[in-house]
Structure formats: C-alpha cells, structure tokens
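Keeping their order, the protein sequence lines are chains E and Z.
For the first sequence, the working numbering begins at 1 and goes up steadily by one.
For the second sequence, the working numbering begins at 1 and goes up steadily by one.
It is worth saying that the hints were derived from the structure and are not from the lab.
Where hints are given, some of them may not hold.
Capping the alpha-carbon separation at 27 Å, the derived lysine-lysine pairs in DSS-like fashion look like this [stated by the list, open to error]:
no., chain 1, residue 1, chain 2, residue 2
1, Z, Lys57, E, Lys105
2, Z, Lys57, E, Lys42
3, E, Lys78, E, Lys105
4, E, Lys59, E, Lys69
5, Z, Lys17, Z, Lys57
6, E, Lys57, E, Lys42
Just so you know, these numbers come straight off a predicted model, no measurement behind them.
Below, each chain spelled out in residue letters.
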Amino acid sequence: ILNVEQSPQSLHVQEGDSTNFTCSFPSSNFYALHWYRWETAKSPEALFVMTLNGDEKKKGRISATLNTKEGYSYLYIKGSQPEDSATYLCASYSGGGADGLTFGKGTHLIIQP
Amino acid sequence: EADIYQTPRYLVIGTGKKITLECSQTMGHDKMYWYQQDPGMELHLIHYSYGVNSTEKGDLSSESTVSRIRTEHFPLTLESARPSHTSQYLCASSEGWEQPQHFGDGTRLSIL
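Take the sequences, apply the hints, and build the full model.
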C-alpha cells in the first residue's frame, strides 16, 4: 500500500448503535498514525496519535487500535450520538518532511436520530 | 478555543491577482505546514517549515510560495491566481511527529 486508504467512504449509523471503520497505511518506515475528527465548518481536531504495534487508545466513547506489522488501524465509536457526525481522517507519518502527514480521504459518518 | 488562526475564511477573486493566505499560531511551535484539499480528495502537504527561515516544498507540487520570518507566522502566497488554484487550504502546526497537529479553520479559495 503506497497511500493511506480509509473505508468505508461514508457510513450512516442509527443513534445508539456502535460502529467502526478502517485505515490502511504503508507498514514500511512507519513512525506514527494520527486520527482526526473534522466537523463541518470547523478545523480538524486531533483524536489520537499512535506509535506502537498493538497500541490501543480511548477517549470517551471513541477508541482506536493499531497494527503496524500489517498496516491498519481501526476506530471504534460506542453508542453513537448525533454529535459524532463528522468526517474521520487518519494520517500516517513515515519520516522526513518536518513531520508532515499523509492523509486518507476520510470516512464521512452520519448519525441518524 | 483556536490557537492557530487563518484568514480569510473565504476568498473569491479574479484570475491574475496576487493572493496571500495568512496563518498564525500562538503555541510557539517550530513546525508548521500547509495542506491543500480539493473536493472529495485527501489533504495533501504542499509546504512545511522546521522553523524561522526554513521552508520546504511538500509532496504535492504547488505554484504557491511560503515564508517564515517569525515563528508564529507562516503565510502562503500565490503571485498570479488561476482557476486551477481553486481549493481549500489548511494551515497546521505541531511540536513533532509524536504530537498531534493543530489545524486552523482553513481558507476556501475560489478563482474566477
């Protein structure tokens, strides 16, 4: 995998349901994997920065896991709420470029009441 | 509360004009970045800076230029705007790759 890929591209989830989505990234020269939440008309907000294989991070109802050997990360949202509606971006850092990130296209999540 | 500021938020302007997009941060971060996003596409790194008087081009080729005369200020300039420059531009700063990047609200640029 040369690029960062996210799936699905968009997702409709009923309020109260749990959901998850995937980020695939190049496993060679891996340094870090970032997750951001981007709400409409706002700036991207950092959720997690993960560096170690097997890392799991949690922030409220949102959690993420990391597998650096196979190059994927999952983001989980438990008990989705309308305020979770946003685009979720993942980005990898593979060295160089003053720590500039390579982003995926994002997963657009819509929570339906 | 934003610690990184971009102006303007929106700009519609004619072809051939010189444009400067402003970006300032109050966190004292040495590393700053400009990303460009076309509709439905990824954010692409177009410029970055390690600190004062340091600027480099990113992964995506861009006709824009940047300067870093002060730590807190990282403006992006288009000398002669063209319709192909129509896009969203986001500025960010960070302490390093293990730390999250802080983003501004972005500038939506439309060249007629």
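Given the proposed pairing of Lys57/E with Lys42/E, does the C-alpha separation stay at or below 27 Å?
holds (24 Å)
Does the alpha-carbon distance linking Lys17/Z and Lys57/Z stay inside the 27 Å limit?
Between Lys17/Z and Lys57/Z the Cα gap is close to 22 Å, so the pair holds against 27 Å.
What's the verdict on Lys57/Z and Lys42/E, does the C-alpha distance respect the 27 Å limit or exceed it?
At roughly 26 Å apart (the allowed maximum being 27 Å), Lys42/E and Lys57/Z satisfy the hint.
Would you mind confirming whether the straight-line C-alpha gap from Lys59/E to Lys69/E stays at or under 27 Å?
Satisfied, since the Cα-Cα distance of roughly 24 Å is no more than 27 Å.
For the pair supplied as a hint, Lys57/Z and Lys105/E, is the alpha-carbon distance within the 27 Å limit?
holds (21 Å)
Under the criterion that the straight-line Cα-Cα distance not exceed 27 Å, is the pair Lys78/E, Lys105/E satisfied?
Holds: Lys78/E and Lys105/E sit about 23 Å apart, inside 27 Å.
Of the numbered hints listed earlier, not one is contradicted by the structure.
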